[in-house]
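Knowing the structure of chain Y, use the given hints to seat chains C and U on it.
The primary structure of each chain is shown beneath.
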Amino acid sequence: MDASGFGSPPKKTWVGRSVPRLEDLPLVTGRGRYAASVSFPHQLYMRVVRSSHAHGKILSIDSSAARAHPACVAVWTAADVAHIPPIEFRPTKIQGLEPYRQRVLATERVRYVGEPVAVVFARDPYIAEDLAELVAVEVEPLPVITSATQRPGQFEPDRDTEPVVIRKEFGDVKGAFRAAHAVIELDLAIGRHSGVPLETRGAIARYDAQRDVLELHGATKRPHPNRDMLARMLGRSPTTVHLYECHIGGGFGVRGEIYPEDVLVCAAALKLGRPVKWIEDRRENLMACNHSREQRHRVRAAVDAEGRVLALDDEFFHDQGAYVRTHGARVADGTASMLPGPYHVPAFRVAGHYRLTNKTPAATYRSPGRFESTFVHERLMDAIAQKLGLDPLEVRRRNLIAGAQMPYERPLTVQGEPVKLDSGDYPAHLEKVLARVRWDELKQEIARRKTAGEAVGVGIAYFLEKSGQGPLEGVRVTVDTTGTVELVTGAASVGQGMETVLAQICGDALGVDYRRVRVVHGRTDVIDYGFGANAARVTIMAGSATHIAATKLKAKAIEVAASHMLEATPEMLDIVDGRIVRKDRPDGPSVTLAQVAKELLPAAALAKGRTPGLTADGIFECKHEAFPFGAHVAVVKVDRETGGVKVERYLASYDIGVAVNPMLVEGQIVGSVAQGLGGALYEEFVYDDNGTPLSVTFADYMLPTAHEVPDVDVLLTQDAPSPLNPLGLKGGGESGITAVGAVIASAIEDALDAPGMVTQLPITPQRLERLLRERRA
Amino acid sequence: MSNETDIILTVNGAQYAVRVEPRRTLADTLRDQCGLTGTNSGCEHGICGSCTVLVDDEPVRACLMFAVQAQGRNIRTVEGLANGEELHPLQRAFIEHHALQCGFCTPGFLMLGVSILEREPDIADDALREALSANLCRCTGYKNIVKAVRAAASEMRARSATR
Amino acid sequence: MKPSAFVYHAPRTVEEAVATLASVASQDGRVIAGGQSLVPAMALRLAQPAHLVDINGIADLGRLEVRDGTLRIGACVRHAAFDRPVVDGPLGRLLSRIARHVAHYPIRTRGTFCGSIANADPASEWCLVAATLGATMIAHSARGVRTVAEPGYFKGIMTTALRPDELLTEVRLQLPAADTHWGFNEFNRRAGDFAIAMALATYRIEGGVIVEPRVGVGAVESQPQRIREAEAVLQGQPPDAQTFAYAAARASEAVQPIEEQPEAAAYKRDVVRAVVRRALEAAEKQA
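Protein chains in written order, with the working numbering: chain Y, 1 to 777; chain C, 1 to 163; chain U, 1 to 287.
FYI, nobody ran anything at the bench for these hints, they're computed from the structure. Treat the hints with care, as some may be off.
Derived pair list, reagent style PhoX-like, types lysine-lysine, alpha-carbon separation capped at 25 Å [unchecked claim]: (1) Lys-155(U) - Lys-646(Y); (2) Lys-637(Y) - Lys-285(U); (3) Lys-552(Y) - Lys-12(Y).
Partial list, derived from the structure: chain C residues whose beta carbon lies under 8 Å from chain Y [said to hold, decoys possible]: (4) Thr-37; (5) Gly-38; (6) Asn-40; (7) Ser-50; (8) Thr-77; (9) Glu-79; (10) Glu-96; (11) His-98; (12) Cys-102; (13) Gly-103; (14) Thr-106; (15) Pro-107; (16) Leu-132; (17) Thr-140; (18) Lys-143.
Glycine included, each C-beta is placed from N, C-alpha and C at the ideal position.
Chain Y on its own, in the form it takes in the complex (with noise of 0.2 Å):
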């Protein structure tokens, strides 16, 4: 019985169940449409020229020999585009950054290699490529920075490469080192990395004549946002500039931010009169797409005797490469915010050095700054075992914060909001994990193999994640006349499955089946607003405006149905798979959505004194984010002999406060521990001494195969919903990596039985093997 007096008629519901995807049809029968697809006729192709240099200036350029050749339709270079201004960087309250923005080509410097310097454009992208190699670029070279470590050098006369200093600080550190029982030190290194994505970026922009409108296809992760600075940085008014999503070959948070290509090809749009299409190849992808990851941190923790944080110090220095991107400081600034994840850290000061290298520029990767920082936690919670003769687990559960703590608020902000956890309960979760894996058998096995030899170990690593950023989000929901409904949203796909997930929250607040749902996003001329897929935010923020849009549109439904199409008041009515029925009597007269739309038809609903259209809006905002959390558990086998690491089994939990469609979240999970595996032991982008990037194809960039990534065992937990959304969601998106490269590390340290030898990721078999050749001697 509910509140009206009457039961509810049993259905169907959505939410919680692994239902199959909305998305997969087209995709496995081969009708994705990538953005190497979209073709227009005319169109002309884009080839960048890329600086071979690190850093240096620019004598000339010579596109005489690419301009005489017949197929050449034009070459541009910085003199073509100087009325672009630099890229900007999302909001920020860090002072500092603009000088360092990127020019859409390079203007009398270059500062890494990859950094585009010209374009040409021809009707194909073979003649494209043959013509880009006739452009001669000579560069006069200039000293190159390889490391954020060494002393920041010369950005440009009167400005160094650190354009700021994060400093954040709470309690009484100083006092605490001067009480504290131990202290430890490490110093570690996040190697460079990124999402490499099996689809390159691409983009194509055309210029519609008739409409006045610059569409640009290819977008995604944040439309509208991009939409804006575009049409700031050509001069144009936003509504005259559309941003398409197509089919997204994988996000994880390089792709869809403003690249210098993508305004190149709108700028070229406009100014040659053709459609432009612009298809990164691999090499290029590898770089000129954004890196990550690249962090030094020297940490220091003031500890009890009882091996309790009093204090954490740690100075940090970020490799941002050439230049600031669209993501500002955000990355140093996250890593600051979180670096003391899941536990209690009364005092704590943190001084984060941004500076900038000769290499490719860097920006945010699925759980950016959250993977560098965990590395830092839990390498510190080893330690500190180490150091007193405490177990591991123990120093753990002594530091978590508890759940009676929650919400816990951290005197830090990031990105200008405070750090508030709102839910969950920390150490019981752990003791699941340590169920779950029957964590004393499982040690027991590992000293019998152990004994008989064989290099094997098991680590454990704890994390806190955050999720669902704001501001807000805004769904419309509408109903035709037969019955489909449409939801339209500014959140944008990256090809995790957010129209299954908010087909399905829709489908249980309004009442229908969840394939009755058409989800449009990522295009801004059908909504005026949106904030996009970044940062784990769409189940939680569109899935919230989802529910908020769907309940108005039942309730407006029914009090239509009610006024005069079925005998019975709105309370007595309910929705059941599309049709409005009366709960006492389930198999009794009903009518449908799509007789209820035509009844809301324009002149149908003007001659009752309604507003036209069976549509309703929902907007959710929310300010805070929403912190998931899990652990992590690897056994690897280490081969003593070569430095080879074989992961053999992986636990991954999570704690998602409400799945909506668990399959999903669970994929969500192993595929981001393989990417994690890929940071932990293969990736990385290497450079010379001459700033020369050595990791360009995939023969040197080393993603996980099948073989290497074990058969990922998820424990999804729903016990802490969040406090902060209707439906008490958290986000999946950055979900299983960013305790890959502590747990690997710990795995690592147990099988050699070498506590502390692991303080650099990735963990290449040279540098293990060098590890343990020292070791021995």
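The following block gives chains C and U in isolation, referenced to the frame of chain Y:
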């Protein structure tokens, strides 16, 4: 272009007459000239396997073959897997087991999977994982891809047993 | 990453092929068989041949047969042909075991054994086989037919005794004695990668001791080759752990890694020791 030639490609049983330079890869030709955009190009240097097609029933990286080399061969792409509206068991299994997220590597994995199951329907677990390690996926972590291929193998075995 | 333009030739016979090569070799004309190494290089524009001579249409070159105690591998025989033993005895099994390490199956359906030999990548498994077992290469040109034996064929990184106008039409491997022990071990970071180091060892046992030892190491030096110092250790010794360890140590000392950086070179030596020892252990495990 001066040394373009006219060739005929046989794809999924249909003939496509195209004009190509010798340097035009099979991958690009399928996509741009045959209009078969299901086959994706992920690296253009033969490592990721997104462009995997079947040539005379053997898996081949279409980015490492020139279109002119593919004349007279029987090419099968993802567009030819379904039988009208009826999906291939592997396609159904991919949907059922959530073996795709962004879908970019999916056509390549489907063709690789089909070739494995046609060549070795009783393939053992370890060998299956080895065989699937030929292609890269960045989204799924492979777990569900292996599951889906295994499920399809069972279904296909059961089907042929009932014939 | 589109290749630069080239003129395409598709000869139907070896005679046609070498006649074409005679005219285009001097203008940077190259042979293409499987293309699994050449086409990536062309995509990266590291190779920009003005002419490609495609030999896939030459039926004669698809021959794989045993004659006069040798396995004769034609130029168009694919890696995948070796996935199952192509001849009874140790050679067939050895090639089958090693074939699994050559890239991945979709590469093996196109790439050719002889193509690897002609390409002479130091990390090629087949090159290691050719160097260790002592292969004979048959080269055709407009000037006639030539036989080149290894040692004498591999000259350095991607460099062989083949002349630009020569077509490698066949590689011959002697069938070893039926009681030959063989073992192969490769270390790489991921499935299907080029090896960081690999070793192929063969020997026979007579009177309880090793005779006719061959130990080849690949992916370390500028070309794969037999390590005589290791073989000297094995000769006349019992096939036990101590012998193997010593041979592996000598191999490790003897190799000259391509890497100049001392750290990287030291690492290679360490891995050589491991793979040589493991190859020998594998050889001994066979009854």
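Against the structure, test the hints numbered earlier, and report the numbers of the ones violated in rising order. 1
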